[in-house]
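Engineer: Top to bottom, those sequences are chains D and B. Our numbering numbers the first residue of the first sequence as 1 and each following residue consecutively. Our numbering numbers the first residue of the second sequence as 1001 and each following residue consecutively.
Treat the hints with care, since some could be wrong.
Mimicking BS3-like on lysine-lysine, the simulated pairs with C-alpha atoms at most 25 Å apart in a straight line are [said to hold, decoys possible]:
id: 1; chain 1: D; residue 1: Lys2; chain 2: D; residue 2: Lys198
id: 2; chain 1: B; residue 1: Lys1281; chain 2: D; residue 2: Lys228
id: 3; chain 1: D; residue 1: Lys68; chain 2: D; residue 2: Lys197
id: 4; chain 1: B; residue 1: Lys1308; chain 2: B; residue 2: Lys1209
id: 5; chain 1: B; residue 1: Lys1142; chain 2: D; residue 2: Lys217
id: 6; chain 1: D; residue 1: Lys194; chain 2: D; residue 2: Lys2
id: 7; chain 1: B; residue 1: Lys1274; chain 2: D; residue 2: Lys228
id: 8; chain 1: D; residue 1: Lys51; chain 2: D; residue 2: Lys2
id: 9; chain 1: D; residue 1: Lys2; chain 2: D; residue 2: Lys197
Stretches of chain B that chain D covers, calculated by requiring three or more beta carbons in the stretch to come under 8 Å of a beta carbon on chain D [to be verified]:
id: 10; stretch: 1065 to 1072
id: 11; stretch: 1088 to 1095
id: 12; stretch: 1108 to 1116
id: 13; stretch: 1172 to 1178
id: 14; stretch: 1208 to 1217
id: 15; stretch: 1236 to 1243
id: 16; stretch: 1269 to 1278
Calculated from the structure, these hints are not laboratory results. Built from N, CA and C at the ideal position, the CB exists for glycine as well.
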Amino acid sequence: MKKILVPVKMVLDSNARPRVRTDETGIDVAGMRMSINPFCEIAVEEALRLKEAGAAEEVVVVSIGPAKAQDTLRQALAMGADRAMLIQTDETVEPLAVAKLLCAVAREEVPDLVILGKQAIDDDCNQTGQMLAALLGWPQATFASAVRFAENRLLVTREIDAGLQTLSLPLPAVVTTDLRLNEPRHCALPNIMKARKKSLTVCVPADYGIDIGRRLKIVAVRPPAGRKPGIRVATASELVSDLRAAGLV
Amino acid sequence: MTTLLVADHDNRVLSDATARALTALCALDDAVHVLVAGHQARPVAEQVAKLHGTGRVILVDDAAFAHGLAEPLAALILSLAADYRVIAAPATSGGKDVLPRVAALLDVMQISDVVRVVSPDTFERPIYAGNAIAVVQSTDEKKLLTIRTSAFAAAGTIAVAVPIEEVVPPQGVWLARFEGETLSSSDRPDLASARIVVSGGRALGSAEKFQEIIGPLAERLHAAIGASRAAVDAGYAPNDLQVGQTGKVVAPDLYIALGISGAIQHLAGMKDSKIIVAINKDEDAPIFQVADYGIVGDLFEIVPELEKALG
Ligand SMILES: Cc1cc2nc3c(=O)[nH]c(=O)nc-3n(C[C@H](O)[C@H](O)[C@H](O)COP(=O)(O)OP(=O)(O)OC[C@H]3O[C@@H](n4cnc5c(N)ncnc54)[C@H](O)[C@@H]3O)c2cc1C
Ligand SMILES: Nc1ncnc2c1ncn2[C@@H]1O[C@H](COP(=O)(O)O)[C@@H](O)[C@H]1O
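This is chain D alone, in the form it adopts within the complex (with noise of 0.2 Å):
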């Protein structure tokens, strides 16, 4: 393999409590932390492993979003990626116009593997990896938890509701991880510093001639129904008699 290309997402960080907005518009993300997603994280890990195995030359990585999405990006560069794209925009890209955008770098750059997360874990959409499978025609392999480059191939094993299952894919391909494919790395200090010099390039979805204008309408963002507070129970026999009360047992 020559290239993989492996699409970043800032996302609001996985340990902060989102805060949804009281006149129902979205969640307010001002001044949060924001980190690149787990899903994304663990897709640069995977492309930068398949690179020092010897199969692959080059990783670039690229996020649509806001500038400071440019943090995210660094932070993939740190963490070993070659170069990185931004293209930025202010406004919520849904999966559908980002796989676009993608499909459009992705003819550009030619990679031979594209490797996204499963999930963005702010619009939960699981969506993206897939629609840019069906955009460019390559084949697909979704939520994996283990990659291996053989014989010009590539053999996936994935994640579905039954147990694992392993595809086998010919090049060019899109993969989408799910958590257990690898332990991401930290980023050593010295990378960081290094990671600051490496090429990082600002455009525009106009660029493309890609229109990213929303297909749906958020009409309300509302906190979920809450529950009613349980009671301590102090042992399991009197656990037994309240749920046989209840008629659960």
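Model the placement of chain B with the ligands on the given structure of chain D, informed by the hints.
Structural biologist: Below, chain B with the ligands without anything else, positioned relative to chain D:
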């Protein structure tokens, strides 16, 4: 116009997920056609034909569909798409794999994990691991939906089956190749549809302890077994038992969390359960915030007492 529902099955048995998705789609007031694409999957089509709400069954029998791979299935759905206003699948690993592929080729923005049908173009779906519910209105002509099955009851059966129509699939060259699978076999009920779930977390400490503690209790309660991500990562339980934002979403009548802290990503997969029981030795564990009944204590002592009390 009509709705097309893509059935989830293993060529022999229809998954409960399909019957639940059917309930969600019946709220749209359209006729629902259910597509069974498989290999020697007629028994599945026969099960679908007897579900309340199925208007017609479309059976496609071809070796290409033996393992539910996304490329041939997407091409097939696409070939049928013109006749349908809504194309949907349960949000199972298979549905999530194939439907966005179809959506992109139809130039439609998919709505994932629908938990409520508000109107024919407006739907509710959880975002941020269930920390918020978004009400979204689709402006696309066609609606592509995956249905979160834990939010809907399974459609019942009817006495007289609807017709099964066989369709010949489009031919094509499929690039991804099936190489093998390791399916978990368990004599426990299916996690996604069980009435009671007993879940274990990192506190179980080993695969042996997990089996020794969780197994008999689940057996006694005729319950399915679940696990936290930490328990799966550590190898105490197989991946298909993971409950949460990135695992399975369940909403049983009774969910018993043993030695699970209650991280938001875990809560995302179980907080809509009717009754939640938590046993944890840390009285400040966040799981207690969603639990109806909580016991603070050592699960290794309490679970055996629980079994004794159950008799
Ligand atoms: C992107 C992302 C996605 C994720 N998706 C999921 C997901 O789908 N599902 C999921 O579960 N997690 C998920 N996680 C992980 C989640 O954040 C937590 O790390 C995980 O749920 C913790 O598992 P746990 O509760 O078993 O372990 P811990 O958090 O370590 O909790 C163990 C608990 O056991 C208690 N305990 C210890 N000993 C005993 C004892 N003897 N008796 C009683 N109690 C005891 C402790 O007090 C503690 O509360 C995800 C994380 C990320 C970042
Ligand atoms: N704005 C974005 N920029 C770069 N990559 C993205 C973006 N949105 C989604 N992706 C990629 O698509 C994956 C799945 O996202 P989603 O379909 O939104 O759940 C993510 O893990 C990323 O790899």
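Engineer: Please go over all the hints and tell whether each is borne out by the structure.
Structural biologist: Here's how the hints hold up against the structure:
Taking the CA atoms of Lys2/D and Lys198/D, the gap is near 19 Å; set against the 25 Å cutoff, the hint holds. Of the supplied pair hints, the one linking Lys1281/B and Lys228/D holds, its CA atoms being roughly 22 Å apart against a limit of 25 Å. In summary, the hint linking Lys68/D to Lys197/D is supported, as the alpha carbons are separated by about 17 Å, within the 25 Å threshold. For the hint linking Lys1308/B to Lys1209/B, the alpha-carbon distance of about 18 Å falls within 25 Å, and the restraint holds.
The suggested pairing of Lys1142/B with Lys217/D holds, with an alpha-carbon distance near 15 Å, which does not exceed 25 Å. Pair hint Lys194/D plus Lys2/D holds up; C-alpha atoms about 23 Å apart against a cutoff of 25 Å. Restraint check for Lys1274/B and Lys228/D: satisfied, since their Cα atoms lie roughly 11 Å apart, inside the 25 Å limit. Straight-line distance between C-alpha atoms of Lys51/D and Lys2/D comes to about 9 Å, which keeps the hinted pair within the 25 Å bound.
Between the alpha carbons of Lys2/D and Lys197/D the distance comes to roughly 22 Å, so the proposed pair stays at or under 25 Å and holds. Chain D is given as covering the stretch 1065 to 1072 of chain B, and this holds because 4 residues of the stretch bring a CB closer than 8 Å to a CB of that chain, at least three being needed. Check result for the stretch 1088 to 1095 of chain B against chain D: holds, 3 residues qualifying (beta carbon to beta carbon below 8 Å, three or more required). Counting residues of the stretch 1108 to 1116 of chain B whose beta carbon lies closer than 8 Å to any beta carbon of chain D gives 6, which reaches the threshold of three, so the coverage claim holds.
With 5 residues having a beta carbon nearer than 8 Å to a beta carbon of chain D, the stretch 1172 to 1178 of chain B meets the requirement of three or more and the stated coverage holds. Given a C-beta distance limit of less than 8 Å, the hint that chain D covers the stretch 1208 to 1217 of chain B is violated, as 0 residues qualify and 3 are needed. Judged by the Cβ-Cβ criterion of 8 Å, the stretch 1236 to 1243 of chain B is covered by chain D as claimed, because 3 of its residues qualify and three suffice. Restraint check on the stretch 1269 to 1278 of chain B versus chain D: 4 residues with Cβ-Cβ distances below 8 Å, three needed, restraint holds.
In this structure, the one hint that does not hold is number 14.
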